[in-house]
Amino acid sequence: VTAAAGGFSPRTTMGGASVDVGNLAELLRSVGVDSAANPAGTNAPKTKKETETETKIFSSLGEGVTPPSEIDASVEERPPRSDGLYSARRTPEHESFVAFAGLSDFSDEKSLPFQWDGQLIPRLSVLGKTEATSQFLLDSTPVILTGALRQWPALSKWSFEFFAKHYPDSSVIANDRAPARKQDMVSGQPQRTVHCSVKEYVEYVRQCKEGLSASKPAAPFYLNGWHAFTSHPELLSDICYPGSQSLLEDHTPAVLEEIDKVLSRRGRGTADKLWAHNTDVLLNKVFVGPRGTITRLHFDAHHAHGWLAQVKGKKLFVLFPPSDSPKLNPLSGEQTTQSPIDPLRPDFTRYPECKSASLHYAIVKEGETIVIPEGWWHFAVALDDSITVMRNFYNAFTNVKGLVEVFAEGYKKVSVKR
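Each number in the working numbering corresponds to the 1-based position in the sequence shown with 412 added.
Treat the hints with caution; some may be incorrect.
What the hints assert, rightly or not - In the DSSO-like style, the derived pairs of lysine-lysine whose C-alpha atoms are separated by at most 30 angstroms in a straight line are:
{"id": "1", "residue 1": "Lys621", "residue 2": "Lys569"}
{"id": "2", "residue 1": "Lys522", "residue 2": "Lys777"}
{"id": "3", "residue 1": "Lys739", "residue 2": "Lys726"}
{"id": "4", "residue 1": "Lys724", "residue 2": "Lys621"}
{"id": "5", "residue 1": "Lys569", "residue 2": "Lys777"}
{"id": "6", "residue 1": "Lys724", "residue 2": "Lys569"}
{"id": "7", "residue 1": "Lys767", "residue 2": "Lys577"}
{"id": "8", "residue 1": "Lys611", "residue 2": "Lys569"}
{"id": "9", "residue 1": "Lys739", "residue 2": "Lys767"}
{"id": "10", "residue 1": "Lys739", "residue 2": "Lys522"}
{"id": "11", "residue 1": "Lys777", "residue 2": "Lys621"}
{"id": "12", "residue 1": "Lys611", "residue 2": "Lys522"}
{"id": "13", "residue 1": "Lys611", "residue 2": "Lys777"}
Calculated from the structure, these hints are not laboratory results.
Remember, it's a predicted structure, so these values are computed and weren't measured experimentally.
Can you make the complete structure from the sequences, with help from the hints?
Encoded structure:
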């Protein structure tokens, strides 16, 4: 795999080895950044402003939720306002789910009432790292790993009550539409956001389940993209981090260290490992919500691969391949690439091209992980009260150029003075 194709040369295998700095410098130059232009000496310490700049650049990763730097500021400055949780409203996508659920109890995965001829996403229990990279990342094929969470303490420890007991006062943000869309302003139904505590949100989920909340049959609020591991790093051990998905070749931490060294023109072995670790942790998020919480159709930014692990409950995932992008009428001007197509109730009259799109789907059960290669469109809806861990990641032989470009483009726009 050549640098131009978005990966490193095969001779720089990263399964524990370091990335070839020369190759990474070549990637940086290919997107317009020459680290040699940095006037700093090879051993110059990183300034606070440099660190803040790198973090700001990186915070654009993810599926369009509020960047973690903004979340941290907003939840500290604003007191919780949990009353908004009980003023829910109807949304088109939630009404589609209610109608879809009325046609199926989701007990038979093979006969869900889609308006496409869908293909089930394959399941595998045993898979080698090299095999996973070649068959699913290089070949761009989604897969469900059925045994990947066996060692996770989270599988037995985590629950809604667990979070309420251990982090009752932790401030979080819940949304009734996700990801956010500028296009929603046109329809008059922009995303509504509520600031509350974890304890208040868990009580809200309980009331939704018991039918006590006014949100039924309205769209429930969704704790999507919670940076729980940044706020509570002790939770990382519950997902066996690093290496949460031992069956996948995830080279993100090593690439981040090399990016730091190249962009700051440091000598080998002097990367800011703490910054690389903290930045890598940002790629892990928790999604919590009651039945009916929805992630609308989109694909992840910056060519990121992604995996989503079901710790509690089941979710229906609907995917479309990157080649179907023109058929899905991508919305312009959004933070992440999104589609107006509702996979549960498509409007073939308004969007006739999407009728020929290739739908792939699966109900991901508790203890399973779905792997979504870069560029694949995905939609998800919780079929139960649900806890999901999500991670974006980069592989040296497939999509690493996307991670390099995040920083390269940022450094071309932001002037860092020492």
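Here is how each hint holds up against the structure:
no., hint, in the structure
1, Lys621 - Lys569, "21 angstroms, holds"
2, Lys522 - Lys777, "15 angstroms, holds"
3, Lys739 - Lys726, "28 angstroms, holds"
4, Lys724 - Lys621, "15 angstroms, holds"
5, Lys569 - Lys777, "17 angstroms, holds"
6, Lys724 - Lys569, "10 angstroms, holds"
7, Lys767 - Lys577, "47 angstroms, violated"
8, Lys611 - Lys569, "17 angstroms, holds"
9, Lys739 - Lys767, "8 angstroms, holds"
10, Lys739 - Lys522, "25 angstroms, holds"
11, Lys777 - Lys621, "19 angstroms, holds"
12, Lys611 - Lys522, "38 angstroms, violated"
13, Lys611 - Lys777, "26 angstroms, holds"
The structure fails hints 7 and 12 (numbered hints given earlier, in ascending order).
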